[in-house]
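Participant: With the hints as a guide, dock the two chains, each given alone in a separate frame, to form the complex.
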Amino acid sequence: MGVGITVEHLNAFYGKTQALFDINITVQANHATALIGPSGCGKSTFIRCLNRMHETIPEARVDGMVRIGEFSVYNGTSATQLRRRVGMVFQKANPFPTMSIYDNVAAGLKLNGFRNRKQLDEIVQKSLHSSALWDEVKDSLHKKSGASLSGGQQQRLCIARALAVQPEVLLMDEPCSALDPISTGKIEELIFQLKEQYTIVIVTHNMQQAARVAEFTGFFLLGKMIEFDKTEKVFTNPSDKRTEDYVTGRFG
Amino acid sequence: MRTRFQQQMEELREKLLRMGGLAELAVERATQAYTERDLTRCQLVLENESLINAAEREIDELAFDILATQQPAAVDLRFILAVTKINADLERVGDQAVNIAERIMDLIELPEVELPVDIPRMATAVSAMVRRSLESFVEGKAELAQAVLEMDHVVDRMRDEAFINLVRVMNEQPQVTQQALDALLVARNLERVADHATNIAEDVIFWVLGADVRHHAQAASAAPRPEATGT
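Note that the protein sequences, when read in sequence, are chains A and B. Numbered according to the working numbering, the first sequence spans residues -7 to 244. Numbered according to the working numbering, the second sequence spans residues 8 to 238.
Next up, chain B with everything else stripped away, as it sits in the complex (with noise of 0.2 Å):
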């Protein structure tokens, strides 16, 4: 048993975990600002992308260590290659969601308006993505990431409803365009959070099943293996 390297890749674990709550917390935090109004939670979220910056760092530097000194092979391999995309990941949804709680601030200097959009529903979506991704990453449960891949469309459909309906807004009434436009722009982040929680899915099914999912491939079959019994 190798000791040394199994606490490193607890480590390695242990880390992205901290990484995906702060993910987390910041897209819940920005999503909470578009609701209350709330200039303080939006402050937060900028403060808060300096430490996904330095975890994601952290993270590297552990997973480039484990690559370089102890040689990993098949699932260890696997999950770590898979920790690494997840990272980058997580730290794409920090970028998200310090977009978004840019555009709250914006919104907050508009007078407020209604908007033919529902972003706390999509939210709820794009939050639960997001959990249930690093869900299926604390299990290791394929299942778990395949749900999430599922639910992608839903929120694809989302983000072109609100694209639709605000851009009417948008000719309709000129003199909310501003607004239109911020919530258009926190629609389409928000989106994007979704599209990493999928990667993350993705990523975990590869790690788990050791197959590649992505762009819709289906799950790689084995290929013909050479002739050889003896069990």
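Bound conformation, chain A alone (with noise of 0.2 Å):
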């Protein structure tokens, strides 16, 4: 199951320049939450916060809290002990190229030196499954390498890849800008499927899509949270002007 992720003064830096300014959030577990606001507003920063991938870059930190369910994702805890907990799916499908579709969804559970075939399997079989892909690929698991597949499949593998790990939170960085309509539509329709079992968090450029996936949505700008609330009270009747200006178009 999903849990809830809770962030309070959060701020991110590169270098000394400050990226994220006091951010206070709490992600209700087993819902998608959508982050939507213009190229360089943080959204993308913040949602690397919660997995700490933000830190991989040189001279890139972050002070503040930032708890996945009852677990401090910046105190006492191992980046690898958080990625198990918190799967990411990002804006490019990055399968591994060489790496057959079974060995792409099962390489994180190798990694993590998990090694009984009957079980992984059986988590390669229901990965695939919950990432509606399956029926596409199950005659070719060994046969096909992650590369073969479209750019749609290539994600959905990179979803099955998240998911076989169990994660308990799935973040997700413009998963379907490099999509057509209908890969969108498959993964916007997983998304519903997927937060019954996990906590959902998109950063999205399609605002319509945010409106069709999320229960809640947060709206950023230079780096503040400028609104965060219920998506269809940020799509009809937002709160702050600036919000109001950006999901209308006005913006710039």
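Treat the hints loosely; a few may be bogus.
Unchecked claim - Derived lysine to aspartate or glutamate pairs resembling DMTMM-like cross-links, with alpha carbons at most 20 Å apart:
| id | chain 1 | residue 1 | chain 2 | residue 2 |
| --- | --- | --- | --- | --- |
| 1 | A | K222 | B | E68 |
| 2 | A | K225 | B | D219 |
| 3 | A | K178 | A | D165 |
| 4 | B | K148 | A | D232 |
To be verified - Sample of chain B residues lacking proximity to chain A, with all beta carbon distances greater than 12 Å (derived):
| id | residue |
| --- | --- |
| 5 | V120 |
| 6 | R139 |
| 7 | R164 |
| 8 | R221 |
I should point out that these hints are in silico values taken from the structure, not numbers from a laboratory. The model shown is predicted, which means the values in this text are computed figures rather than measured ones. For glycine and all other residues, C-beta sits at the position ideal for the given N, C-alpha and C.
Facilitator: Below, the structure written as structure tokens:
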């Protein structure tokens, strides 16, 4: 099951440049939360603070508190431990190109020393089912490489790979921006199903996508969280003029 | 800035204002026709109806296009929803003006009699409601729309008085029943125009404030907000 995320007084920096300013947010378990905002507003930085990817950039640092369930992200936990609980899907599908479909999904588990073949088979199948890819690849699990799939299939393969390690939270950073509308529709449908088991945080430039898939939406601007509310409120009657200007396209 | 989108929204607004002008004119002509027993004005109202109907279709088509192609949100979405509803109300105002004109055409055929009903006074109040509801749309001001809602009770009372007085006339002077019935129907049609003006005002409030005040509902208070700060 998914767990909630609590962020308190989160600030993020790239060297001397501050990218996030005092972010406070509670993400509800087993819901999809969308983060919107113009390029450079900090939404991707924010999502990368949730699984400690931000600190992989030289001179980048974070202060503040992030909790995934009861698990403190920045207090005595290794990034590896954390990422078992927090899966991530990126803008560009990034399957391991030389690995088979099966090995792509099993990679995370194998990396963690998981060797039980029978259980591995079951988890791979379950993960591919969950990512709505099983029917399309079940006959070529070992024959085809991850890179041989279409863009949309590759993205669902990456989702299966993220799900295989049985995370509680799934972070998605513009997962559909390189996909056609049909593949986008499949991923969105998937998000709907996945939130029964996982907590999903999705960064998107596509405001209609945020409106379609997320129960809650946060609007970022210049590193600040301007508004966070139920999605229907943000898209029908936002409280802040800056949010309204952005969602109505008056911005910029 | 979405220039094309803003142009389409302005076009929609202008079309609705033209439609409002036609509906307002129809009510004005019909009520003048009552006072002056003027058949020509009645015919103008009937001819005007096709213009109103055509305008209604044009507005609906444009609103539909914008919804399909521009995916408006927030205040823009509320504006388009309000426009489509105001559009339907204005078309019904046009229909009521036609009903009034038809009753007057009937009255003109009959001997003129004195009736205990002040249709011109009622018409003045109703026309003011239509005009102010459209002004509230032009100005985008919820307080102007709110004033229209408050006027509706006055017109309701006028309609009730007209019913009581005209039914009494029908009982006491059966020879003028037809004229009294026509006048009663005119009063009822005017009261319905007032109801449409009220609907328009409610739609303006929805557009401007995002609050649903229909059926005497209180302005929707904001739902409890999830915890979030950072500004």
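Participant: Report the numbers of all earlier hints that the structure fails to satisfy, in ascending order.
Facilitator: 1
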